[in-house]
Each structure stands twice: as structure tokens, then as C-alpha cells.
Amino acid sequence: MAEVDLWLLSQMMLRSRLFEDAVKKQWEEGLIPGEMHLGTGEEAIIAGVICELKDGDAVALDHRGTSAMLLRGVNPVSLLLEFFGHPEGLCGGLGGHMHLFSKDHLMASSGIVGFSGPAAAGFALAAKYKNTDNIAVAFFGDGAMNQGMMLESMNLASAWDLPVLFVCKDNDLAISTISSHVTGGNLVDRAKGFGIPGQRVDGYDVKKVWQVSSEVIRRMRSGEGPYFLQAQCVHKDGHFLGDPLLRFHDHPIKEFSKVTGPLMKSFVHPKGANVVNRAKSLSEVFSLILDSRKQRKTKKEPLQMYSIELSLEEYNLEEINSIITDEIQEAVHKALEINRRREKQ
Amino acid sequence: MAEVDLWLLSQMMLRSRLFEDAVKKQWEEGLIPGEMHLGTGEEAIIAGVICELKDGDAVALDHRGTSAMLLRGVNPVSLLLEFFGHPEGLCGGLGGHMHLFSKDHLMASSGIVGFSGPAAAGFALAAKYKNTDNIAVAFFGDGAMNQGMMLESMNLASAWDLPVLFVCKDNDLAISTISSHVTGGNLVDRAKGFGIPGQRVDGYDVKKVWQVSSEVIRRMRSGEGPYFLQAQCVHKDGHFLGDPLLRFHDHPIKEFSKVTGPLMKSFVHPKGANVVNRAKSLSEVFSLILDSRKQRKTKKEPLQMYSIELSLEEYNLEEINSIITDEIQEAVHKALEINRRREKQ
Amino acid sequence: MKRMKFAQAIESALFQAMAEDSNVFIMGEDVHILRVNLYARFGKDRVRSTPISESGFLGAGVTAAMAGLRPVVEIMLIDFIGVAMDAVLNAAAKNFFFSGEKWNVPLVVRASCGGGYGDGGQHEQSLWGWLAHIPGLSIVVPSNPADAGGLMLASIYHNHPVIYLEHKMLADYWLDYLGIGGRSNVSFDLPPDGIEGAVPDIWQPIPLGQLSVLREGTDITIVGLGMDVHRSLAAASDLGVQGISAEVLDLRSVVPIDTSGLRQSVEKTGKLLVVDEDYKMFGLSGEVCALLAEQGLAFKYGRVCTEGTIPYSRALEDEVLPNKKRIYDEAISLCR
Amino acid sequence: MKRMKFAQAIESALFQAMAEDSNVFIMGEDVHILRVNLYARFGKDRVRSTPISESGFLGAGVTAAMAGLRPVVEIMLIDFIGVAMDAVLNAAAKNFFFSGEKWNVPLVVRASCGGGYGDGGQHEQSLWGWLAHIPGLSIVVPSNPADAGGLMLASIYHNHPVIYLEHKMLADYWLDYLGIGGRSNVSFDLPPDGIEGAVPDIWQPIPLGQLSVLREGTDITIVGLGMDVHRSLAAASDLGVQGISAEVLDLRSVVPIDTSGLRQSVEKTGKLLVVDEDYKMFGLSGEVCALLAEQGLAFKYGRVCTEGTIPYSRALEDEVLPNKKRIYDEAISLCR
Ligand SMILES: Cc1ncc(C[n+]2csc(CCOP(=O)(O)OP(=O)(O)O)c2C)c(N)n1
Ligand SMILES: Cc1ncc(C[n+]2csc(CCOP(=O)(O)OP(=O)(O)O)c2C)c(N)n1
Ligand SMILES: [Mg+2]
Ligand SMILES: [Mg+2]
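Residue numbers (my numbering), protein chains in the order written: chain A, 177 to 521; chain B, 177 to 521; chain C, 12 to 347; chain D, 12 to 347.
Just so you know, not all the hints are guaranteed correct.
[Unchecked claim] In the PhoX-like style, the derived pairs of lysine-lysine whose C-alpha atoms are separated by at most 20 Å in a straight line are:
id: 1; chain 1: A; residue 1: Lys279; chain 2: D; residue 2: Lys113
id: 2; chain 1: D; residue 1: Lys16; chain 2: D; residue 2: Lys55
id: 3; chain 1: B; residue 1: Lys279; chain 2: C; residue 2: Lys113
id: 4; chain 1: A; residue 1: Lys441; chain 2: C; residue 2: Lys16
id: 5; chain 1: A; residue 1: Lys476; chain 2: A; residue 2: Lys441
id: 6; chain 1: B; residue 1: Lys304; chain 2: C; residue 2: Lys335
[To be verified] One-sided and incomplete, this derived list gives chain D residues near chain A with beta-carbon spacing under 7 Å:
id: 7; residue: Asn101
id: 8; residue: Phe108
id: 9; residue: Phe109
id: 10; residue: Gly220
id: 11; residue: Gln221
id: 12; residue: Arg325
No wet-lab data here; the hints were simulated from the structure. Model, not experiment: these values are computed from the prediction. For every residue, glycine included, the Cβ atom is placed at its ideal position computed from N, Cα and C.
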């Protein structure tokens with residue numbers, strides 16, 4: 177068995193984090209339109225899996241694909257330009273951040289929850305059809321596990337022995353819905369119900385994610401069928417940037433005052449459910465808002481987990497960090513530069 | 177626990193069989209257009225479940241709904257007239273045999289494989305919303321277990337504790353596809369993966385089907401969530417009347433001569449897969465055709481299983497049979513009579 | 012009369028209907044937050060949050076409606092209807108017919124629609140003319156708060172399936188969630204009469220299938236719905252400066268479609284310009300032309316619609332969606 | 012030149028394409044039986060039977076195509092596309108665009124369509140005009156064996172998604188399976204030139220988007236595709252008896268649509284009658300009218316289409332689908 181390369185994995189995670197932080201900044205500046213779903217908090221999962229891929233492997237993504245794109249080798253400048261909607265962006269400004277495509281990397285996205293399942297199955301089918309040892313990865317969230325096409329694709333992959341690694345990045349949250357409240361059974365059993373072996377793994381721990389991935393990917397390359405990975409994580413920046421739940425924490429007075437008026441009026445209105453039921457509803461909403469903060473405050477930080485271990489080694493952690501920081505900064509500058517030129521025209 | 181009423185169940189099965197045999201006759205006469213999927217062979221499953229339903233319970237059906245409609249109390253004349261496309265038919269001749277609806281019985285069909293899952297979930301949701309102890313049954317086949325909306329509805333029923341009895345009538349065949357060849361895992365585990373308890377039951381054995389159903393339906397009425405039943409069966413008349421697979425047995429020379437020419441030409445054509453692969457394909461097709469016959473020749477006959485037991489009892493089996501036979505014949509005559517009147521006009 | 016925001020009007024009509032009829036309930040993803048005021052008042056059985064299983068819960072909505080309830084099923088963005096299309100195409104739209112026209116399906120499908128804020132091609136579609144092709148559905152697209160509330164009430168009490176679309180540029184919370192995200196440096200040019208307006212004290216249903224004349228004119232008829240009527244009104248006022256008197260019609264529902272109202276206007280003006288944020292071909296814009304042509308009416312015809320898949324780039328998007336300039340130009344060319 | 016049945020021609024073109032290009036493969040339910048000859052020749056990797064998971068395998072077809080294969084994905088009846096609509100609407104049709112127009116999706120979706128044999132409203136739809144609304148798709152509907160083969164070949168080698176519809180009244184095996192069931196006492200009135208005809212020895216692709224003139228005429232243009240052209244030809248010959256010279260056009264593809272061919276004919280006749288087995292409103296029949304009207308052409312317009320959900324009753328069905336009599340009557344009234 178191969179040795180884990182914690183240095184590489186840590187660098188990958190850091191690149192992803194720094195890049196997404198930069199994206200966030202540009203979004204906050206108003207340079208990026210629409211929604212922006214960051215993967216900050218799930219870097220260990222992305223890095224641990226992507227690290228094991230080789231040429232010809234395919235990756236299917238959902239609405240939260242930036243990190244995987246970057247770590248698989250897509251140029252950060254072209255990603256940023258895409259987010260700006262620039263013609264020189266990865267997809268000529270036609271796709272945008274939920275619809276990232278790179279033919280060279282066999283990477284395809286969909287903003288429709290669940291599509292990464294069938295998409296990965298199709299990539300894997302092609303790999304098998306061509307008799308290669310390539311595999312396909314599907315990244316998706318806990319919420320996608322209730323979408324029919326995802327479930328169908330699991331059955332397909334199982335019945336046809338397709339080399340698909342199904343990676344469920346489980347933050348137990350789909351926008352503002354706690355997934356475990358609307359999901360029957362548990363997810364590893366669910367995969368087993370389709371004949372797919374799987375396991376839970378600590379998605380904060382890049383070493384563990386890598387260990388499982390490298391092992392199952394190796395087996396898939398030699399002909400084994402699909403595997404299911406359920407990796408816990410949080411999304412530090414909420415569902416998307418500007419997540420209304422998180423805004424309550426950032427600007428509590430402003431945000432609460434917007435809603436409390438109508439809410440309280442509803443609550444005390446003579447017609448409606450009985451008071452106990454109403455109180456239940458209200459308390460659920462408030463606890464959801466309060467809990468959402470935990471995403472940010474969580475002590476589990478994938479980027480920190482192995483920092484002590486790493487700092488004991490011969491490499492200079494700080495030096496490497498600063499190299500990556502520079503690289504990202506340079507990409508941002510370049511993208512901004514190119515973008516500015518267009519705006520001048 | 178209630179005692180099984182084998183007399184009642186046997187009568188139900190017999191009514192269903194005789195009625196569907198009559199339908200078959202009319203179809204063969206050319207009076208019924210389009211496809212016709214009979215439930216001959218699965219009477220024990222339908223009777224064993226339907227028998228436990230009461231007013232306000234709902235039933236969602238697929239393309240094979242005749243038997244359930246009849247046994248739940250829909251008038252056989254109005255069913256036949258519907259199959260004739262007559263304005264006085266159950267659905268005014270607008271629906272037809274794959275789209276049978278009876279508001280009075282809360283029964284709805286769909287010819288789209290898998291829809292009986294969501295349909296039953298909706299009925300059950302309404303029952304729960306109205307605080308009744310009513311339940312909903314979904315009848316469907318093994319093939320439907322791979323359709324996304326069926327799987328989604330299982331999750332919904334589980335997460336919301338809906339009183340849905342999912343009844344999978346498993347003949348291991350979807351038209352001409354052997355379901356177990358395209359299905360990962362096993363079906364009871366699959367249901368468990370959605371948090372739904374379930375079991376396999378011998379679908380030829382009406383007593384066993386009834387026992388399980390009556391027990392789980394009782395529990396559902398007192399607030400328990402969904403249950404999954406996988407009941408084996410065959411379809412004695414094939415997928416639909418005129419099933420091409422079965423036709424090979426009925427008119428072997430005519431049917432085989434139609435296909436063998438092109439088939440053999442394909443088989444020996446210079447371009448294509450290698451010979452081993454071709455031979456594999458051919459042998460699979462032929463064994464499928466040969467096996468299809470087993471449906472008819474199976475020794476397991478739900479209607480016969482308890483005949484000895486029943487013949488020992490005080491009732492006169494033959495007398496009851498002849499009463500049912502008369503009833504069905506009368507219905508057929510009446511429907512034909514009404515239909516003829518229209519044709520004269 | 013009071014004033015309300017667009018989405019507030021919808022909520023208020025829902026308030027009224029849910030208080031009046033205990034069979035009315037809401038089901039969809041995140042409705043405990045999206046409809047938090049209704050959730051606080053009516054509790055979670057009547058404002059039911061779902062998993063991301065649109066074909067499951069929309070299918071369930073069809074039979075729940077058949078069992079006597081009046082579900083308002085939410086599909087967050089109409090773009091997502093693809094995963095649940097079978098329930099629309101083969102169940103909701105057909106079950107009444109299949110039952111021999113005996114069994115009603117009083118279902119409302121509520122969804123947001125439309126673009127102009129930079130989410131790209133899978134999140135900004137309109138699709139109303141597409142859905143309208145399926146016999147058995149009504150399709151409602153309000154353009155202002157008063158219509159939004161009155162049409163919602165009518166949709167809920169309609170005995171057949173209605174697809175009710177709220178445009179994301181009119182509904183403040185949608186635009187805030189998806190386009191603005193609480194940023195103060197992102198803003199949009201929004202139609203004041205669309206996003207806020209006078210509403211009745213008690214909601215009355217507005218019958219489906221009646222267009223409203225937003226601006227009278229004699230030279231050309233411009234027709235659309237949702238955001239398009241505001242784009243059209245803006246163009247009409249510019250046309251006025253050029254001495255062209257444009258009549259602007261708000262269809263309010265795609266199905267039923269008010270053919271006689273259309274005819275009345277086009278008979279007068281002799282020119283028809285359809286503005287349609289849905290895709291151009293095989294949809295609403297063609298149908299409006301055909302409805303009048305098959306009555307033997309002769310008129311000049313043009314259309315300004317969404318041209319192909321919607322690009323993510325804000326600049327490209329604004330060109331591809333109908334806009335004031337394209338409407339103005341097309342009207343000028345028809346009036347030449 | 013040899014003669015072939017309609018479905019045989021499709022199979023023969025598939026034979027040729029699969030032999031020419033090892034990336035071409037078939038995937039769908041029961042294809043080991045439905046395509047048994049191809050299965051016997053090419054084996055189960057290239058003729059792959061699926062579970063009843065249309066959204067799964069059609070979605071997989073999209074990315075398999077992006078990975079360099081040329082899948083022909085079968086949806087048994089086009090009515091079933093509802094369950095897989097997202098893969099069509101939001102992936103197949105859009106991925107090329109989303110990729111910055113860099114990544115092709117050479118996918119064929121093959122399905123049977125159409126009615127007239129008594130299966131009822133969920134199994135006899137046509138839906139071509141509905142699918143045509145989605146930008147990014149081509150929609151092909153052949154009416155005879157030569158076109159069926161040539162268009163199949165063109166569809167397979169097209170670099171973007173094509174929906175290929177074979178009418179069940181033209182394809183013998185479908186009609187036998189679904190409508191006849193081997194009975195000798197059930198028969199249908201079938202168009203001889205549709206169900207069988209001369210075909211080339213080696214298939215050549217027929218470019219998408221070129222209509223063919225099936226009958227020349229000067230008084231009225233009748234246009235349709237699939238079974239409708241045969242219904243129209245029958246009506247045209249009756250019209251001829253009345254001294255009305257009808258030109259009959261076969262569109263062959265709904266998208267791309269041959270606007271200039273249409274224009275040429277309608278400029279000559281001044282009268283346009285669209286015959287469309289798909290639903291009447293918001294579809295093909297309206298679009299054809301609009302395409303010509305927006306070019307400033309003046310003409311009389313009528314249409315004969317499927318009126319609402321298709322009833323099961325054979326008698327009612329024959330009234331609701333386009334038929335010779337309705338076409339004839341409408342043509343007469345346009346020519347008055
Ligand atoms: C079919 C569909 N339904 C709803 C949505 C809206 N939506 C976008 S992201 C999301 C939540 C997804 O949750 P999950 O899969 O857990 O991913 P996460 O956002 O947590 O990474 C929803 C409901 C969608 N894009 N597609
Ligand atoms: C979504 C969909 N796909 C395909 C079909 C065509 N079809 C009709 S019945 C059937 C097989 C169903 O198998 P199963 O669910 O096992 O039921 P059975 O016929 O064996 O009772 C198929 C594929 C359909 N009606 N709907
Ligand atoms: Mg999640
Ligand atoms: Mg079966």
C-alpha cells in the first residue's frame with residue numbers, strides 16, 4: 177500500500193481554501209453574479225479523493241464544484257474569469273459557477289441536484305466500454321441522496337459493475353433542511369440496498385479519506401464495481417455566499433428586525449394551528465438559525481488537523497503556504513486584470 | 177389475531193381469474209384495443225392484501241390493475257365496458273385498461289412504471305392529514321423498483337411515517353428483461369435502506385400474504401409507518417396478451433420463421449462482435465424464449481393451493497364456483513349487450 | 012386598499028386561503044424557511060418541508076389533491092420541474108380526463124421563474140409556454156402584487172391543476188437570495204409597479220384567462236406576462252415619444268389564454284408584437300400568432316423572446332432575454 | 012435499390028453505423044429483444060439492456076457521449092420521457108453551450124411515438140413540438156423507410172443531441188406488439204408508402220432540416236411529418252377530385268425546421284394548413300405560422316392537430332387525432 181503524502185494533501189487543501197476565499201472576496205466586491213456555493217470546509221474530502229485520480233478519470237460535480245475543478249488542475253485564472261462571466265473564462269462565460277465543464281479533465285457539472293450520479297455512471301460506462309482502467313467520481317451532498325436519478329444511477333452502477341466512486345459530502349444540510357429529518361434509514365445501508373459496498377469516513381480527516389479512496393479506487397481499476405463513501409463535513413460559508421441563515425449572525429439586528437414583525441403577527445394571529453404547534457414551529461426555526469452558526473465555529477478544521485505533524489517535518493510549512501498564497505494572489509490579479517480590460521472596452 | 181377466511185380469499189381469487197379469463201376472451205375476439213396486461217397468476221397477492229382494506233383506504237395501481245379494481249368492488253360490467261371503450265365504461269372510455277380510476281374506491285392507476293409509489297404516498301398523506309386510520313396500498317412490479325420516483329416515494333413514506341403498504345409483485349421479469357440481472361442488491365434490503373421494514377412472502381400462498389398484510393395493516397392503522405412486501409408470482413398470460421415471447425410457444429413455426437432469417441444473417445455477418453460474444457447473445461435470447469413458457473407451466477397455482485383444505489369443509493366448493501362463474505358470465509353478457517347496442521347506432 | 016410587495020401579496024393570499032379552508036396546505040423544499048410566516052402560524056403539517064424528491068412529492072401532491080386536499084406544491088425553480096415532469100405530464104394533467112372527467116385534481120404547483128440576475132441556464136428559465144403545451148394544465152404568471160394575490164387565490168380554488176409562476180425579479184426574497192445575497196454593491200433595475208403596489212383588503216379570486224390592458228394604444232399591440240409587461244411598458248413609453256401609440260396587454264395566464272381580448276386589440280392596431288421571456292420557438296409567441304391567424308385576422312407580426320439557452324454572463328444574458336431596446340426596435344420595424 | 016419495411020430500414024442503418032464506428036452503441040429497456048438482430052451481431056456491450064431507470068441511463072448516455080461514444084439511447088415510448096426530462100432539458104440540450112461550446116454531446120434518443128391503435132393518453136403522445144421548444148435539441152420524425160434510415164444515420168453522426176421518433180403506425184413491430192398482439196381480427200388502415208418502400212443499398216445520411224415535397228400543388232400548402240403526411244396525402248387526393256391542387260410537405264425534422272422550404276411553398280399557394288399529431292396549442296402548428304408571419308408573409312392559415320388528451324376509445328381517438336376528413340374539411344374551408 178502506498179504511503180500517504182500529507183504534504184501534497186495539505187497543499188491541495190490550502191490551495192482550495194485560499195482560492196475559494198479569494199472567490200468569496202470577489203463575490204463580496206460584487207464582481208460575481210448569482211449564487212456562489214463554496215466548498216470551504218470540505219477540502220479534505222475533495223483533496224483526498226482527487227489526489228488518487230489519473231489521466232482519463234472523470235469527475236461529475238454538482239453546484240459546489242469549484243474546489244474539485246481547481247484541484248484536478250483547471251487553471252484558476254480561467255475559473256475566476258468564468259465566475260466574472262468573461263469570454264475567456266473556462267466556459268466562455270456561458271456556464272457560470274454551477275455549470276463548470278472541462279473536456280480536457282473529463283469534468284462535468286450540473287446545478288440540478290442528483291445529476292452527478294447518472295453523469296458519473298455515463299463516464300464510467302464509457303471507460304468500461306473502451307476497456308480502460310479509468311474510473312469516475314460523483315461528488316454530491318446528503319440532500320442528493322433523496323433524488324431519484326441519483327438512486328437509479330446507483331442501481332445502474334451496481335448492476336453493471338461500473339467503476340463509480342459515489343462520494344456523498346454529508347453536512348446533514350440541504351440549504352436549510354436538516355437532511356436526517358427527511359431521510360429514512362442511513363445512507364450506507366441505502367447504498368447497500370443497491371448492492372454497493374460503502375462506509376462512513378471522517379470527512380475532516382484528509383488522511384482517512386485518502387486511505388479509503390486510494391484503496392477502493394485501486395480495486396475499481398482492477399475491475400471492481402462501485403463504492404459509496406459518506407464523508408461528514410460542514411460548509412463554513414453556509415449553503416451559498418450570503419446564506420440568509422448565516423446573515424442573522426453577521427447582522428443580527430438588521431436581519432432579525434426584517435422578519436420578526438411579520439413572524440410575530442403570524443404567531444399571534446387568531447386563525448391557524450394551536451399554540452403548541454405554533455410554538456414548536458417557531459422554536460425550530462430559531463434553533464435552525466442558531467445552529468447554522470456552528471458551521472463556522474466548528475472546531476473541526478480539515479486544514480489544521482495535521483498541522484502539528486507536518487510542522488515536525490523537514491519542509492518549511494510556512495514557506496510552502498506562502499508559495500501557494502502567492503500563486504493564488506497572482507491568479508486573482510491576472511483575472512482581475514483581464515476582466516478590467518474588457519470593462520474598459 | 178383474526179382467523180384467515182380461506183373461503184373468502186378463494187372466492188376473490190376465483191372471481192379475479194374468471195373475470196380476467198373473460199377479458200382475455202374478449203381481447204382475443206378483437207373487442208378490446210391496445211395492450212392488455214392481465215394479473216392471472218398474481219391473484220393471491222391481490223386478494224390477500226385487498227381483503228384487509230376498508231372504506232377510505234386507497235389503492236394505487238400500475239398497468240396491471242384489473243384484478244385489484246374488481247376485487248375492491250368496482251363493477252365488472254363497467255370495467256368491461258371501459259375495456260371496450262364504451263361511454264358507459266368506468267372512465268367513460270377515456271382512460272382504458274392502463275388508466276383505471278374510481279373515485280368512490282380511491283383507486284388510481286398509471287401506465288408509467290413507478291408512479292404507484294408517489295400516488296400511494298399522496299393518498300396516505302391525505303389520510304394522515306385528515307387524522308383517519310386509513311392506509312394506502314401501492315401495487316407494482318419488480319421492474320418498478322428501479323424507477324426513481326418509486327424510490328423517492330419510499331423515502332417520503334419512511335421519513336413522514338406514512339401508512340403505505342408497498343406491494344412488489346415480483347415475477348422477476350419486466351417485459352422481457354430479467355429483473356435480477358439489472359437490479360443491484362436485494363429488494364427487502366433496498367426497502368430497509370430507506371428505513372422501511374419488509375419481508376419476502378410466497379405470493380402464490382394467499383394465506384401467507386393475508387397473514388402478513390393483515391398484521392402490518394393493523395399496525396399501520398394504529399400509527400406505524402410504511403411496510404414493504406415482496407411477493408413472488410408469475411404472469412400466466414405473459415407480460416401482456418399476445419406477448420411475443422409466449423407466441424413462440426403458441427405458434428412456434430410461424431413465429432420462429434419470422435425471426436430466424438434476419439437473426440442468422442446477423443449472427444454470421446463478417447463485421448461485429450467476436451463469435452463467442454455473438455453466441456452468448458443468441459443463447460440468451462433463446463433461453464429467454466424457452467423460459468418464458470415456464471410462466472404458463474408453473475406448478476404453483478395460487479387458486480389450487482388450498483383446494484384440498486377447502487374441499488374438506490362443509491361448504492360446497494363446486495356450488496360456489498358455479499355461482500361466481502355465473503356472475504362473471506352475466507357481467508360479460510351484459511357488457512356485450514350494452515356494447516352491441518352502441519355499435520348498432 | 013393597502014400596499015404590498017409582490018411576494019408579500021402571494022403570502023397574504025395564501026394566509027387567507029389557508030385560514031378559510033383547512034384542506035389547503037403547502038409542501039416543498041425548505042418551506043419552513045421560505046414560508047416562515049405561514050409555518051409559524053399553521054405549523055408543520057400544513058407547511059411541510061420535503062426532501063429533494065420532486066417526482067416523489069409532486070406525484071404525491073396529485074393524489075393528495077384527488078383525496079380532497081388542496082396542495083400547493085412548491086418546486087423551488089421551475090427549471091427543476093424536469094425531474095418531476097412525469098407527474099405533471101402524465102398524472103396531474105391527465106387524471107381528470109382518464110377518470111372519465113369525474114375526479115378533480117385541485118393542485119397548485121408554485122415555482123419561481125425567470126432570469127436577469129446571473130444564475131445561468133439551468134436556473135433562469137421561464138418554461139411557461141412549454142408547460143402550456145400539455146392539455147389539462149393552467150399556467151399563471153402574475154406581473155404585480157394585486158394580480159399575484161388574486162391569481163393565487165383563484166389557483167388554489169380552481170378544481171384542476173394550475174402552475175403558478177412567480178418571477179424572481181419581482182419577488183424580493185428570491186432576488187435577494189439568488190441574485191443579491193445581502194450585498195449592497197449589487198443592484199438591479201426593477202419595475203416599481205411590479206415589485207410593489209396596491210392590493211385589496213380582502214383577496215378576491217381573479218378569474219384565470221382574462222388579460223388586462225396595462226396601457227391603451229392604437230398603433231401596435233404588445234403582449235406578454237410577468238417581467239415582460241414591464242419591459243414592454245418601458246418600451247411603449249419610448250415609442251410614445253416617437254409618436255407610436257402602443258397598447259400593452261398582460262396575459263396574466265398562458266392557459267387559459269384570452270384569445271378574444273387579444274383579438275380585440277389586434278383588430279384595432281393591426282400589429283402584434285409578442286414579448287416572451289420563455290424560449291422563442293414552439294411556444295407562447297408562436298401560439299398567439301396562430302390563434303389570431305386561424306380566426307382569419309390579418310396583422311403584422313413580430314416577437315422578442317429569449318434566444319436560446321441563457322448565458323451566465325450578465326452582459327450576454329441581458330441581450331438574450333427580452334429587453335426594452337429589442338422590444339422598441341422590433342416595434343419600430345413593425346410600424347414602419 | 013431494394014425494398015424495406017420502415018423499422019427494418021432503421022435497423023439496417025443502425026447495422027451500418029455500428030459496423031462503421033465502434034463507438035456507436037444502443038442502450039435501453041429490452042433491447043436484447045427489441046433489437047435482437049443487432050444484439051446477435053454486436054453482443055451485449057453494444058446492445059445494452061437496462062433497468063427501468065430512464066433518468067439514470069439517459070443521464071448516463073449524455074456523459075457517455077461526452078466521453079467520446081455515440082450512444083443511441085432508447086426510450087420505449089416518448090410518453091415515458093417525463094421521468095427522464097431533466098436529462099434532456101438541463102443536460103443533453105445545454106451541456107455543449109455550458110462548456111463554452113467546446114464539448115459535444117453526440118447523443119441519439121430513439122423513441123416510438125404516436126397513436127391510432129387504442130393504448131390511450133399515456134402511451135400515444137407525439138410530443139415533438141414540445142421537445143422542440145428546448146434550445147439545443149434536434150427532433151427527427153421520418154415518414155417512410157428511405158427517410159427513416161437516412162435520417163437515423165445523420166442523427167448518429169450529428170455532434171449534438173437528436174431525438175429520433177418512429178411512429179408506431181409505421182413501425183410494424185410496434186404496432187404488432189401494442190396494437191395487434193398477433194390477432195388476426197384486428198387490423199389498421201396503414202399507408203403503403205409509409206410502412207414499406209425503396210431504400211438505397213448503402214445508407215447515406217439525409218441532412219437534418221430539409222423538408223421534402225411529397226406532392227406538388229398550387230392552391231394550398233399542407234405540411235406535417237410522420238403519419239400526418241400520409242393522412243395529408245390522402246386528403247390531398249380527395250381535394251384533387253374537387254379541383255383543389257394541394258402541395259404536401261414532409262418536414263422530416265421539427266428542429267432544424269426548413270423555413271425557406273416552407274416559405275417557398277406558401278408564397279406560391281398563399282394558404283398554409285399545418286397537420287400535427289402533437290397537441291395543438293403551443294407547439295409545432297403555431298410555430299410554423301409564426302415563422303412565416305414574422306417574415307412578413309401574408310397567407311391564410313389553418314391547422315388540424317390532436318385536440319387534448321388522447322382518449323382510449325378507438326372511436327373517440329380517431330376523432331381527436333388528425334384524420335383525412337378533418338384535413339380535407341379544413342383545406343376546403345381555407346380555399347373558400
Ligand atoms: C432537483 C433540484 N431540486 C432543488 C434544487 C435546489 N437546490 C440547490 S442546492 C440544494 C441543496 C443540496 O443539498 P446537498 O445535496 O446536501 O448539497 P450541499 O448544498 O449541502 O452541498 C437544493 C435543494 C436543485 N438545484 N435541483
Ligand atoms: C417509465 C416507464 N418506462 C417503461 C415503461 C414500459 N413498460 C411497461 S410495463 C414494463 C415492465 C414493468 O415491469 P414490472 O414493474 O416488473 O411489472 P410487471 O409488468 O412485471 O407486472 C415496462 C418497461 C413504462 N410504462 N413506463
Ligand atoms: Mg448537504
Ligand atoms: Mg415484473
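Structure-based check of each hint:
1. A/Lys279 x D/Lys113: holds, 8 Å
2. D/Lys16 x D/Lys55: Not satisfied, since the Cα-Cα distance of roughly 25 Å exceeds 20 Å.
3. B/Lys279 x C/Lys113: The given pair, whose Cα atoms are some 8 Å apart, holds under the 20 Å limit.
4. A/Lys441 x C/Lys16: holds, 17 Å
5. A/Lys476 x A/Lys441: violated, 39 Å
6. B/Lys304 x C/Lys335: Roughly 51 Å separates the two Cα atoms, so the pair is violated.
7. Asn101: Hint on asparagine 101 of chain D: holds, closest Cβ of chain A at ~5 Å, below 7 Å.
8. Phe108: Result: holds, 6 Å to nearest chain A Cβ.
9. Phe109: holds, 4 Å
10. Gly220: Violated - the Cβ of glycine 220 of chain D stays beyond 7 Å from chain A, reaching only about 24 Å at its closest.
11. Gln221: violated, 29 Å
12. Arg325: It is violated, given that the least Cβ distance between arginine 325 of chain D and chain A is near 35 Å, above 7 Å.
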